[in-house]
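Keeping their order, the protein sequence lines are chains A and B.
According to the numbering used here, the first sequence is numbered sequentially starting from 1.
According to the numbering used here, the second sequence is numbered sequentially starting from 1.
To be clear, the hints were calculated from the coordinates, so they are not data collected in a lab.
Be careful, since some hints might not be right.
Identical chains share a label here; the pair holds if one copy fits it or two copies do between them.
Quick list of in silico lysine-lysine cross-link-like pairs, DSS-like style, CA-CA up to 30 Å [to be verified]:
# : residue 1 : residue 2
1 : Lys21     : Lys72
2 : Lys72     : Lys32
3 : Lys58     : Lys21
4 : Lys13     : Lys64
5 : Lys58     : Lys18
6 : Lys72     : Lys16
7 : Lys58     : Lys72
Number of protein chains: 2
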Amino acid sequence: GGWKVIDNKKIEKTYKFKDFKEALDFTNKVGKLAEKEGHHPNIHLSWGKVVIEVWTHKIGGLHKNDFILAAKIDEIES
Amino acid sequence: GGWKVIDNKKIEKTYKFKDFKEALDFTNKVGKLAEKEGHHPNIHLSWGKVVIEVWTHKIGGLHKNDFILAAKIDEIES
């Protein structure tokens, strides 16, 4: 949970961390998953925070694969 | 060069890469530098592109240290 649909064309979620390093570690885990899936979100990294945006560039909107990627990103956390 | 001053309160630069992995590698180099310097930019990572924003949170604007960090980020590239 925690994903918001923005303008009916992307989904976004904010993850909080205790410091920059943990946020960077999460960014790398998401990056590794993205490479494996062949589907790349936008990742906004700042101190203690990572905001992930997912959408399908080819259609300029949301596809089933976006929700699958979102679910897999959520699995990284736990 | 290539840094733009935005609203007189932050500096921003866009770096382009050949794929996601190279952009992620650069993100990690910037992250490592940020930890060393104790000064953390915002890093926006997407496929083949990294946008870096630097400012000093404490003063809500630009300080000499921001330009020093920017220069050190530029040194990573070469």
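Can you give the numbers of the hints that this structure goes against, from lowest to highest? none
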